[in-house]
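S.K.: So the chains spell out like this:
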Amino acid sequence: MPLTHLQRLEAESIHIMREVVAETDNPVMLYSIGKDSAVMLHLALRAFFPAKPPFPLLHIDTTWKFRDMYEFRDRLAREVGMKMIVHVNREGLSQKVNPFTHGSAVYTDVMKTQALRQALDEHGFDAAFGGARRDEEKSRAKERIFSFRSAHHRWDPKTQRPELWHLYNTRKHKGESLRVFPLSNWTELDVWQYILLRDIHIVPLYFARERPVVERDGTLIMVDDERMPLREGEVPAMRKVRFRTLGCYPLTGAIESDAETLPQIIQEMLSTRMSERQGRVIDFDVSASMEKKKVEGYF
Amino acid sequence: MAQDSAPVASGIDGYLRAQQQKSLLRFITCGSVDDGKSTLIGRLLYESNQLFEDQLAALAADSKKMGTQGEALDFALLLDGLTAEREQGITIDVAYRFFATERRKYIVADTPGHEQYTRNMVTGASTADAAVLIVDARKGALTQTRRHCYIAGLLGIRHILVAVNKMDLIDHAESPFRAIVAELTVFAQKIGIDDVTFVPVSALHGDNVVAPSANMPWYRGPTLLGWLETVAVDDTRLEHAPFRLPVQWVNRPHQEFRGFAGTVVGGSIRTGDRVRAQPSGRESSVARIVTADGDLEQAVAGQSITLTLADEIDVSRGDMLSAASAPAEVSDQFEATVVWMTDEPLLPGRPYLLKIGARTANVQIGELKYKVNVNSLEHVAAKTLALNEIGVCNLSLDHPIAFDVYRDNRDTGGFILIDRVSNNTVGAGLLDFALRRAHNIHVQALDLNKTLRAQMKGQRACVLWLTGLSGAGKSTIANLVEKKLHALGRHTYLLDGDNVRHGLNKDLGFTDVDRVENIRRVAEVAKLMVDAGLIVITAFISPFRAERRMARELMDEGEFVEIFVDTPLALAEQRDRKGLYRKARRGELKNFTGIDSPYETPEHADIRIETTRLAADAAADLVLRELARRRIIGTVH
Numbered sequence: 001m002p003l004t005h006l007q008r009l010e011a012e013s014i015h016i017m018r019e020v021v022a023e024t025d026n027p028v029m030l031y032s033i034g035k036d037s038a039v040m041l042h043l044a045l046r047a048f049f050p051a052k053p054p055f056p057l058l059h060i061d062t063t064w065k066f067r068d069m070y071e072f073r074d075r076l077a078r079e080v081g082m083k084m085i086v087h088v089n090r091e092g093l094s095q096k097v098n099p100f101t102h103g104s105a106v107y108t109d110v111m112k113t114q115a116l117r118q119a120l121d122e123h124g125f126d127a128a129f130g131g132a133r134r135d136e137e138k139s140r141a142k143e144r145i146f147s148f149r150s151a152h153h154r155w156d157p158k159t160q161r162p163e164l165w166h167l168y169n170t171r172k173h174k175g176e177s178l179r180v181f182p183l184s185n186w187t188e189l190d191v192w193q194y195i196l197l198r199d200i201h202i203v204p205l206y207f208a209r210e211r212p213v214v215e216r217d218g219t220l221i222m223v224d225d226e227r228m229p230l231r232e233g234e235v236p237a238m239r240k241v242r243f244r245t246l247g248c249y250p251l252t253g254a255i256e257s258d259a260e261t262l263p264q265i266i267q268e269m270l271s272t273r274m275s276e277r278q279g280r281v282i283d284f285d286v287s288a289s290m291e292k293k294k295v296e297g298y299f
Numbered sequence: 300m301a302q303d304s305a306p307v308a309s310g311i312d313g314y315l316r317a318q319q320q321k322s323l324l325r326f327i328t329c330g331s332v333d334d335g336k337s338t339l340i341g342r343l344l345y346e347s348n349q350l351f352e353d354q355l356a357a358l359a360a361d362s363k364k365m366g367t368q369g370e371a372l373d374f375a376l377l378l379d380g381l382t383a384e385r386e387q388g389i390t391i392d393v394a395y396r397f398f399a400t401e402r403r404k405y406i407v408a409d410t411p412g413h414e415q416y417t418r419n420m421v422t423g424a425s426t427a428d429a430a431v432l433i434v435d436a437r438k439g440a441l442t443q444t445r446r447h448c449y450i451a452g453l454l455g456i457r458h459i460l461v462a463v464n465k466m467d468l469i470d471h472a473e474s475p476f477r478a479i480v481a482e483l484t485v486f487a488q489k490i491g492i493d494d495v496t497f498v499p500v501s502a503l504h505g506d507n508v509v510a511p512s513a514n515m516p517w518y519r520g521p522t523l524l525g526w527l528e529t530v531a532v533d534d535t536r537l538e539h540a541p542f543r544l545p546v547q548w549v550n551r552p553h554q555e556f557r558g559f560a561g562t563v564v565g566g567s568i569r570t571g572d573r574v575r576a577q578p579s580g581r582e583s584s585v586a587r588i589v590t591a592d593g594d595l596e597q598a599v600a601g602q603s604i605t606l607t608l609a610d611e612i613d614v615s616r617g618d619m620l621s622a623a624s625a626p627a628e629v630s631d632q633f634e635a636t637v638v639w640m641t642d643e644p645l646l647p648g649r650p651y652l653l654k655i656g657a658r659t660a661n662v663q664i665g666e667l668k669y670k671v672n673v674n675s676l677e678h679v680a681a682k683t684l685a686l687n688e689i690g691v692c693n694l695s696l697d698h699p700i701a702f703d704v705y706r707d708n709r710d711t712g713g714f715i716l717i718d719r720v721s722n723n724t725v726g727a728g729l730l731d732f733a734l735r736r737a738h739n740i741h742v743q744a745l746d747l748n749k750t751l752r753a754q755m756k757g758q759r760a761c762v763l764w765l766t767g768l769s770g771a772g773k774s775t776i777a778n779l780v781e782k783k784l785h786a787l788g789r790h791t792y793l794l795d796g797d798n799v800r801h802g803l804n805k806d807l808g809f810t811d812v813d814r815v816e817n818i819r820r821v822a823e824v825a826k827l828m829v830d831a832g833l834i835v836i837t838a839f840i841s842p843f844r845a846e847r848r849m850a851r852e853l854m855d856e857g858e859f860v861e862i863f864v865d866t867p868l869a870l871a872e873q874r875d876r877k878g879l880y881r882k883a884r885r886g887e888l889k890n891f892t893g894i895d896s897p898y899e900t901p902e903h904a905d906i907r908i909e910t911t912r913l914a915a916d917a918a919a920d921l922v923l924r925e926l927a928r929r930r931i932i933g934t935v936h
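Going line by line, the protein sequences match chains A and B. Once you know that position 275 of the first sequence is 275 in my numbering, the rest is easy, because the numbers rise by one and skip nothing. To get my numbering, take the position in the second sequence, counting from 1, and add 299.
Everything labelled a hint here was simulated from the structure, so no lab data went into it. Certain hints may be false.
[Unchecked claim] Here are the simulated SDA-like pairs of lysine to any residue, each with C-alpha atoms no more than 20 Å apart in a straight line:
hint, chain 1, residue 1, chain 2, residue 2
1, A, Lys172, B, Leu652
2, A, Lys158, B, Asp718
3, A, Lys52, B, Arg557
4, A, Lys83, B, Arg551
5, A, Lys142, B, Tyr416
6, B, Lys321, A, Leu197
7, A, Lys158, B, Pro644
8, A, Lys52, B, Arg587
9, A, Lys158, B, Asp642
10, B, Lys321, A, Thr4
11, B, Lys321, A, Arg198
For reference, chain A alone in the conformation it holds in the complex (with noise of 0.2 Å):
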């Protein structure tokens, strides 16, 4: 009886995260609260069982996520009894750095891509876990597990090393870093599917419920708190929403949907590659909300 997919993927991915911990000093997992980041935790957890893994988790705290996730970030970091450290861009946030005013793009690379390599240089991690997949982004299929990183955190596509086999190279000089991403091989199907299997708790902004949002340009944003500032004539409306994707609340637009449960999900999932209509609303919103990372060069 083979393996079936998802022990193939869950094998290979604890097999990284072994390889990093033996051969790197210092290792950090880069924890976004988001499902992938869920179920790469639990993929660690597993891989050092019985004990913890050898490595603190980083949150990189723009201030600007969803309340639901920082409530879930804090029971969770307590619940598994690993370190999460919390870096924010003090900077940027003494200049008052927003999405509102300063538009993503300057927003996501001060408080984000910044932030993140602050905390990196700080605290002298030579490898950081990151939760990208080949399947969500072009560029991101062709990029190595293994992504190594220059002094300046910088990676260049043209010199990426050659993967054979399961033989990762992580030999670096003084100062560079790698960057791993072991659900590299999972696509979201998978990462919903395994969630399933392992029963592994999400953030419940995940499934549908009623929730006060307002349309701009043709995406539904969640009024999560009182420092969203609304348009001439915005009034929130309470719909029923869930989030396929899950970031700064102001720049993550929510889907309508009745899915309420992961099998509904799931369901959903599949049904919409069929349904040109809602197919082109979830496809939208996926390549708009990565085209963003792959902006922010947040990975």
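Model the placement of chain B on the given structure of chain A, informed by the hints.
M.R.: What follows is chain B alone, placed relative to chain A:
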């Protein structure tokens, strides 16, 4: 048809259970660029409903605008359009694509076709269970077709599907298809691939891709997708191989628990089974197979597990746990097939790092036996391997490792080579077999050692390694140092070009390969002389960091003193006592260091002599003072 379709609401739970039982197949697609590879993959994604509606709408628009198929969809645009890197002129690389049916999830490594991308194909093939090789029905098997078939076989892919494409352009005729079958069957047998399936397809129109074609009633075999759904994954074969677990990490959460974590890369293991730790050879039995969901009775190839053993035996990262009844071989010398993957050529004699399983060793590559012409499969004599070349050579490691030959197990027989200076992955290789002599040569532990021999002379043995440009003043300083040491009653020996190039190394020229070998021999001779208790002085340009480092690592800690005779090129060229620079400038002398061959400046020399500031005699005194400071000789007054 076997494809993902929306389940009815009532059946979702059963559907999800079925989804979780899917297997995973990794395959590569290869073949000449114009043979329709992109179109075929695009068609496969389309027919198995992997495309979103808006992607199809965009494709329809693009097809009208720039397609080559009139009003019909041009699937090639789908893949080519996705590859942003291609537009930016970035080196074309393996792209991984994903799709799923009800039976299987697929990971496709889409590998580029040209010869200059051989390394990319090797990379994609290294993890593939199967290969889909595309041939244009009109052109038949081309050179590229045979090359890809050879590489797939070399990397251990046992199942190949040859998709004979563009059947619509030859009126779906059977006889040209049969001719290709006959030709490639013979070729595949020659290179040792037994399982080759031929399918006549039209990627453009979808014939025999997912559904059987009405245009080719004479063909009764599987469709492309039908074959992918049923072809055996590599894990199945490995289930029956002997148990192998390279230990990745030792799990020690507390005193009472010591677990060995790793991925099973061969066979299966049950609690109570006898295992042997290799290379040490100590044995124990498996006490527990530990997972987060509770202990397992059994684990199989492909799973990442943690084992505990019944006895406290010494096992650490890099060791291999093997079935005691069928252990792996252990050796430090091999014949191997190497694929070179970087612009700078492979230099026999230069030390590299070799990573296999969870172990990294120092390796020296011996002389190349031959390289393979990947187009004709002929063996060609060679001194080096350039980018994308494949050759056979001997390897010598600095310690023994447990391994299987590659054709038995890819994970315990495949390795990568890493450059020790740049840290890049520069090559990949397959262990063919262990050399017999490795079994017979043992390091003789002698009763007398170098410390005793050196003590008899009242000194500490060491190497003073002078490096610098031609004409920098190395020999002058080396001679003075030797005279001064002699005057102090020290037993020395000076190795330089004059006494080495005319004898021991008279077969060597000045190419990079020969320079590396020259320094390797000098370093080995120096090591023997250090063993004899001497203070050895060497004066060679020794332009490459890697070789100087190799020489340093041959010696024990503190025995190697690197002395950089630092003279600016302009000054050395101005002196030019032997007239060599003038010859080099006129092009009469090739590969001359500083002119058309690089000198890699030492980064951490033990002593640096700036000849612009220090005369030769003062420089020699500086060296002696440094030797005294290091207590290699007594205090110098």
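S.K.: A separate judgement is required for each hint: does it hold in the structure or not?
M.R.: Okay, the hints, checked on the actual structure:
no., hint, in the structure
1, A:Lys172 to B:Leu652, "holds, 13 Å"
2, A:Lys158 to B:Asp718, "holds, 18 Å"
3, A:Lys52 to B:Arg557, "holds, 14 Å"
4, A:Lys83 to B:Arg551, "holds, 19 Å"
5, A:Lys142 to B:Tyr416, "holds, 15 Å"
6, B:Lys321 to A:Leu197, "holds, 13 Å"
7, A:Lys158 to B:Pro644, "holds, 19 Å"
8, A:Lys52 to B:Arg587, "holds, 19 Å"
9, A:Lys158 to B:Asp642, "holds, 13 Å"
10, B:Lys321 to A:Thr4, "holds, 5 Å"
11, B:Lys321 to A:Arg198, "holds, 16 Å"
Hint violations for this structure: none, all hints satisfied.
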